[in-house]
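Once you have looked at the hints, place chain B on chain A.
Protein chains in written order, with the working numbering: chain A, 1 to 407; chain B, 408 to 617.
Some hints could be false.
To be verified - Subject to a maximum C-alpha distance of 27 Å in a straight line, what follows is the list of computed DSSO-like cross-link-like pairs (lysine-lysine):
#1 A:344 with B:511
#2 A:233 with A:302
#3 B:567 with A:348
#4 B:465 with A:348
#5 A:272 with A:256
#6 B:511 with B:567
#7 A:344 with B:465
#8 A:88 with A:120
#9 A:272 with A:233
#10 A:120 with A:153
#11 A:302 with A:88
#12 A:256 with A:88
To be verified - Footprint (simulated), chain B over chain A, 3 or more residues, beta carbon under 8 Å:
#13 76–87
#14 357–364
#15 372–381
#16 388–395
The hints are simulated quantities; they were obtained by calculation from the structure and are not laboratory data. Keep in mind that this is a model prediction, so the values were computed, not measured. By construction, the Cβ of each residue, glycine as well, lies at the ideal position given by its N, Cα and C atoms.
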Amino acid sequence: MSIDDAVPIAESSRLGGAQSAGLVRPQAFTFAEPPNEMELECGQRLGPVTLAYETYGQLSPQRDNAVLIVHALSGDAHAAGWHSPDDKKPGWWDIVIGPGKPFDTNRYFVISSNIIGGCKGSTGPSSTNPRTGRPWGLAFPMVTISDMVRAQKALVEHLGVRRLLSLSGGSMGGFQVLEWAVRYPECVASAIPIATSARLSAQGIALNEVGRQAIMADPNWAGGDYYGREPPKAGLAIARMIGHITYLSDQQMHAKFGRRLQDRQSFGYDFKTEFQVESYLRYQGDSFVRRFDANSYLYISKSMDYFDLPARRGSLVQAFEGVRAEFLVISISSDWLYPTYQSKEIVKALKANLVPTTFVELQSDYGHDAFLLPNAQLNDAVSGFLANVLRRVRGGGHGGQGRANGA
Amino acid sequence: MSALRKRPTKLRLDYELIESLIPDGARVLDLGCGDGQLLADLIERKGCQGRGIEIDDKAVLECVQRGVPVYHGDMIEGLGFYRDAQFDVVILSQTLQQTMDPPKVIHEMLRVGRRAVISFPNFGHWWVRLQLLLSGRMPHNRLLPYHWYNTPNVHFCTVKDFREFCDRQDLRRVVEIFLTARFQRVTHILANWRAAIAIFQIERGRENMG
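Just chain A, with the same shape it has in the complex (with noise of 0.2 Å):
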């Protein structure tokens, strides 16, 4: 999604590849018919709702070993394997989903889901008003990270999973997990929360609110009404410039781009395009608004201002009362958008209700997108974590080690 542009596809990963998810087929599951609507947080009503997903392995005889990926603020349900043969690149989090890899498809059934309010095939402000038959734009009603795992509950009831071996996600997606936890609790016998918080902080809400700011700023926005018209991409490539400024670090900014000049020798002593650092930037703003739609953009980073477990019981310990799944919580040491003391808050108010939680810091400079790049570490801690938690849901060995009286 970022940096991984520069990061080679490994052999046994493209396409007839033995790690590669191989051909995958976008999927949709639509539900909430009139008048049956999906009842939101804000207290609006939406429907019908379309949920984009993919699925890779297989469901077992048992409906056991199920994991679903959620993904961050501009991801799809497109995680894993490709498109099609002509595809440059496979999907977001193909380093770790595929026969043999962390994410084992030979041994569990992966469902990558997308979120409500998003633009990758999933209802959302791009989506046509059933009311008006012209689309939603601003009018579409403000959802929530509660909203959005609402919706892949429905998901993955359809496919037949009552209780999911495990969900993993990073970024906004670690906020889908911990919802997922603790809304869904009988539903997830585990759980991967990665480089993630149990509330957005101050900091995260004030880098939203300049993406924001950036794009409504832009005329062609109006109001959100510029759909079938010129939208507005210098807003969202701004928007999408600062982000990629808090996925990545000092140091991994310094060792990639360093005070490189791109295709001169010297300064101009002009406001073009000079350091490596600016066109890469400018790389990245522009081609994300071939693909992402700017009010998508805005209701997504409002629900991510909105998530706050501690608010919701009055602390994080209490939150998690309910929590029967075990966790595998991961940070990343140079994340400083997702700092690891974030992360360290979840592991403690888990640990002060007795949940099986096993804490990773990944030693790692690439900053918070590290977790989307390939890291041994990353590799070790979710495949072994698996593998347990499948054994023990089977019914093999470690009895005892569940909350209930666990330590």
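Positioned in the frame of chain A, the structure of chain B alone reads:
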């Protein structure tokens, strides 16, 4: 801190004795749990509920492979995450001498756990005394494999020191086990001379053993 991560496996033979001190089904926290072997054994053989704290990146991943829930980070910080009396036993195996603040660690162990099992190399062992006396150099052997300049061991003590510490802190010494460098058990007679390794089980309260 990297030196303290590479504990010789042989030291882990005191595992068996520590294991014998843990009741079936106990809730156990192992500080500096290394690769999680002791906890995995306790979970598997005794039906214990085990948790670990370990700072080393690689060792943490080995714990995950073994299915042992582990906290990756500093011991004092990790202890702070637990509530009072959340464990039956808290273990500190061959690590006391490497902690920056032993009284704090022991206090925290007995806050989150009802009892503490602590094993450490005895600096009062005759060989250690002899080495220092005769060679005039810092003791260096199989159990103490470091040099003065690279040792992670910052708080060595002797059996006598530790007993005095417990007594002054009003800690009850419930069990004392002494081992030679070859992990043979020795009696309590002249233990501070003869034991290369000491294992103490302590609880809060007075009424010490003799």
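Each hint tested on the structure:
Of the pairs offered as hints, the one joining residue 344 (chain A) and residue 511 (chain B) holds, with about 21 Å between alpha carbons and a cut-off of 27 Å not exceeded. A distance of roughly 19 Å separates the Cα atoms of residue 233 (chain A) and residue 302 (chain A); the hinted pair therefore holds under the 27 Å criterion. A hinted pair counts as satisfied when its Cα atoms are at most 27 Å apart, and residue 567 (chain B) with residue 348 (chain A) does not qualify at roughly 37 Å. Restraint check for residue 465 (chain B) and residue 348 (chain A): the C-alpha separation of about 22 Å stays at or below 27 Å, so the hint holds.
Taken as a hint, the residue 272 (chain A) and residue 256 (chain A) pair is honoured in the structure, with Cα atoms around 21 Å apart against an allowance of 27 Å. Straight-line distance between C-alpha atoms of residue 511 (chain B) and residue 567 (chain B) comes to about 20 Å, which keeps the hinted pair within the 27 Å bound. At most 27 Å may separate the alpha-carbon atoms for a hinted pair to count; residue 344 (chain A) and residue 465 (chain B) meet this at roughly 19 Å. Between residue 88 (chain A) and residue 120 (chain A) the alpha-carbon distance is near 18 Å, which keeps this suggested pair within the 27 Å criterion.
A threshold of 27 Å between alpha carbons decides the hint, and for residue 272 (chain A) with residue 233 (chain A) the separation of about 19 Å falls inside it, so the pair holds. For the hint linking residue 120 (chain A) to residue 153 (chain A), the alpha-carbon distance of about 18 Å falls within 27 Å, and the restraint holds. For a cut-off of 27 Å, the pair hint linking residue 302 (chain A) to residue 88 (chain A) is broken: about 31 Å separates their Cα positions. A hinted pair counts as satisfied when its Cα atoms are at most 27 Å apart, and residue 256 (chain A) with residue 88 (chain A) qualifies at roughly 22 Å.
Requiring three or more residues with a Cβ within less than 8 Å of a Cβ of chain B, the coverage given for the stretch 76–87 of chain A is violated, as only 0 such residues are present. Check result for the stretch 357–364 of chain A against chain B: holds, 6 residues qualifying (beta carbon to beta carbon below 8 Å, three or more required). Given a C-beta distance limit of less than 8 Å, the hint that chain B covers the stretch 372–381 of chain A holds, as 3 residues qualify and 3 suffice. Coverage of the stretch 388–395 of chain A by chain B holds. Counting CB-CB distances below 8 Å, 3 residues qualify, and the rule asks for three or more.
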